[in-house]
Amino acid sequence: MPSNDEMKAAMRAYIERINAVDLEGVLALFAPDATVEDPVGAGVHQGADALRAFYSLALANNARLFLTGPQVGSSSDYAVMPLRVEVSIPDTPVMQIDVIETMRFDDAGKVIEMRAYWGQEDMRVAGA
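Using my numbering, the first residue of the sequence shown is number 80, and each one after it goes up by one.
Be a bit skeptical, because a hint or two may be false.
Unchecked claim - Ranges of calculated distance between the beta carbons of each label pair, as one might list FRET restraints:
1. E85 <-> P169: 30 to 40 Å
2. D170 <-> M80: 37 to 47 Å
3. D185 <-> A205: 28 to 38 Å
Hint data in this document are derived by calculation from the structure and do not stem from the laboratory. No residue lacks a Cβ here, since even glycine has one placed at the ideal position from N, Cα and C.
Sequences and hints are given; from them, build the entire structure.
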């Protein structure tokens with residue numbers, strides 16, 4: 080099991096790679112059969128091809144992530160971080176979303192599960 084410092088470093092790398100529009104770098108953080116559920120309740124993306132499609136769309140929509148509080152580790156294989164996500168879909172205003180993300184890690188330090196908790200009430204037009 081990775082240490083809290085290793086899990087937090089992977090989460091920081093995730094933010095940095097999303098913001099750098101580094102699709103391959105983002106995908107390299109995940110185990111081959113990892114799952115992403117964003118938002119929770121909207122369905123699960125599983126495996127390399129599904130994650131590539133999901134993150135390709137996120138990057139095409141100019142997703143940017145901003146850490147809004149401390150990352151928190153655990154006594155297990157989970158870590159959590161609060162984020163503000165900004166998305167700029169063409170011909171629409173920039174949207175901000177308040178998100179809590181959880182990541183679960185395997186023994187090699189790869190993400191095996193990412194879950195993003197947010198709902199419609201957590202979205203707003205940037206600057207509004």
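Right, here's what the structure says about each hint:
| no. | hint | in the structure |
| --- | --- | --- |
| 1 | E85 <-> P169: 30 to 40 Å | 37 Å, holds |
| 2 | D170 <-> M80: 37 to 47 Å | 45 Å, holds |
| 3 | D185 <-> A205: 28 to 38 Å | 36 Å, holds |
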